[in-house]
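Student: Protein sequences appear in the order of chains G and L. Using the working numbering, you'd call the opening residue of the first sequence number 19 and step up by one each time. Using the working numbering, you'd call the opening residue of the second sequence number 19 and step up by one each time.
These aren't lab readings, by the way, just hints derived from the structure by calculation. There's no promise every hint is true.
Pairs involving identical chains hold if they fit within one copy or between any two copies, as the list cannot separate such chains.
Stated by the list, open to error - Listed below are the simulated SDA-like cross-link pairs for lysine to any residue, each with C-alpha atoms no more than 25 Å apart in a straight line:
#, residue 1, residue 2
1, K122, E89
2, K122, N310
3, K122, A175
So you can see what is in the structure, the chains are spelled out below.
Protein chains: 2
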Amino acid sequence: MTGFRLEGGGGGASGARAGVLETAHGPVKTPVFMPVGTQGSVKGVSPRELREVGAQIILGNTYHLHLRPGEETIGLAGGLHSFMGWDGPILTDSGGYQVFSLAKLRKVSDEGVHFRSHIDGSERFLSPEKAIDIQLVLGSDILMVLDECPPSEADRAAIERAVERTRAWAARCRERAGRLAPGYGLFGIVQGGVHADLRRQSAQALVEIGFEGYAIGGLGLGEPRERMLEAVEATTSVLPPDRPRYFMGLGTPAEIVEVIARGVDMFDCVLPTRLGRHGTALTGQGAVVVRNARYARDFGPLEAGCACYACRNFTRAYIRHLIVAGEILGLLLCTHHNLHFLLRLTAEAREAILEDRFPAWSRSLAR
Amino acid sequence: MTGFRLEGGGGGASGARAGVLETAHGPVKTPVFMPVGTQGSVKGVSPRELREVGAQIILGNTYHLHLRPGEETIGLAGGLHSFMGWDGPILTDSGGYQVFSLAKLRKVSDEGVHFRSHIDGSERFLSPEKAIDIQLVLGSDILMVLDECPPSEADRAAIERAVERTRAWAARCRERAGRLAPGYGLFGIVQGGVHADLRRQSAQALVEIGFEGYAIGGLGLGEPRERMLEAVEATTSVLPPDRPRYFMGLGTPAEIVEVIARGVDMFDCVLPTRLGRHGTALTGQGAVVVRNARYARDFGPLEAGCACYACRNFTRAYIRHLIVAGEILGLLLCTHHNLHFLLRLTAEAREAILEDRFPAWSRSLAR
């Protein structure tokens, strides 16, 4: 199993925590942002660039990799690390969220989910056991349980049913995975929408099963920020302090900082790569839409003071020209910068926590 | 002016030459392949990657950069080197070829070319003097004269007229550029289609004007290889041995080797980047269409024995997966490899020439 050691925070004026997650492919210092490599590639970034921008751990996705190229191929390559040339830790999402958001003609039962591939329409079946089996073939450092993720507009009754099914599936995942080798862990996923009591109930049920870490799913899907934060607080109030906590799919820099303040350790989001592909740069002063004509003769970097390769070597004027001219390098440079930005943000949060100045640091950020 | 020093070859069993071209941004060892950065970016490759794959000098394009972002913007950035973050030598094509192949509603007169931008339809005018003025603002190490490039199917009379107009324009370019500072050079462009006598006539006329180097234009456009090679030989027979020779827009690896054997020193082509963007890898055994299903579980590199980043770290199976899944990294890795392949080819040709074994080396290549 993975180890987790708290090094600072977790009490006093803020709930923000700094820790170290020990995995089979090295330690992960938290809080941490995890770049998303859904299909076995963080879009537009090579593994060596991931290291350069400060990535410690990346995500893969069980649903996508199962459909294409298939876990058999990845297994023959020696696992996902070897297949994609990344020797750091990998966390794989179970595919639950993707089955419920991407796949067609779903039929959900207690047994699992029948669905059709969004790629070729082929009939597929995913169960808790199969989700674990696939992730074991992928060789993930951190496996996720299969969960049922209800749509954000679901009513309370539907969310209650999802909480119960997620609990039952989590128990079956735990059973299937058994006791994992040192450095490998299985995380449970807390559901419950924005209902504090359901969040507590879901978290409590998962803690009773016992996981190496706990994820918060089904939030950050458009609900009001206050309700999202309340749901996070309800969840973390139940979770054991000695296990890592992972908010799935958050989000903006400001949201990540607010959730760090509430004791969550791990984050992932497609925002930096997606914005980068659309030619938008994240900065401490807000997003910069580099395509705008106002940057045509702006010979400053994407973000003043940034130490990334893009900012050290290229101007907004040049990157704007590349984007307007349809040159791929423009999007690559924006993506590179955005990943560096979010990874620096969580690294700075960690420093602030360790130096006992997180509240002041977070207040100093522009919103 | 640029200096050029022959270091080997140029006689004996082969006309292949090895030399050094001295430019304001450093020496260029020839024979050399020059990656094409039409719009101020070699497609899909950062400047540091260009260095990594062995690029010594790259191309920019006067026509494209004049239309977008405009030479004023690049001038404000401190020139093209500074604008695009490449501190090595840059050769800029004059835009003649692009005006005749891309622009709309051309009206050619002795004065110059009236045309409409292929981007926004705006009315533009390019003259020999203006082509030089733009390239001086760009700060190119090597400037090219404005030439008239007739279509490959043009009859002899049309080619004769193009030869004469190209000569007259070349004289005006030489006049406008004057005597350039050390490390900067202006190259003339030989036209004449596949007619040996017109090639000799065009080359002779340009030599009389006097340039720091001579380019061969209007070939490699679909004519039979034998006729192309005859036209090259007719051209080089007239050119002075102490000036560099540049074949514009060639081509396949095999063609480049054949033209090196005929005493040409410099090459450019969009082939490696274009093939890379389409997921095809150049290898010593021919082109590999990585998308093909046969590579789905091929865990060897794009090319066995290749030392490039893509081949050292990734398999055909992985790169095929990336291409099939629409992941941009797949195209980036193919592009990276293809540039490395062609740059290694010309570097190996140079070594063979210096070691007096070029004929044996060229015979050893798979065709």
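Student: Hint by hint, note whether the structure agrees.
Tutor: A quick look at each hint next to the structure:
no., hint, verdict
1, K122 <-> E89, "within (21 Å within a copy, 51 Å between copies)"
2, K122 <-> N310, "neither (38 Å within a copy, 28 Å between copies)"
3, K122 <-> A175, "within (23 Å within a copy, 64 Å between copies)"
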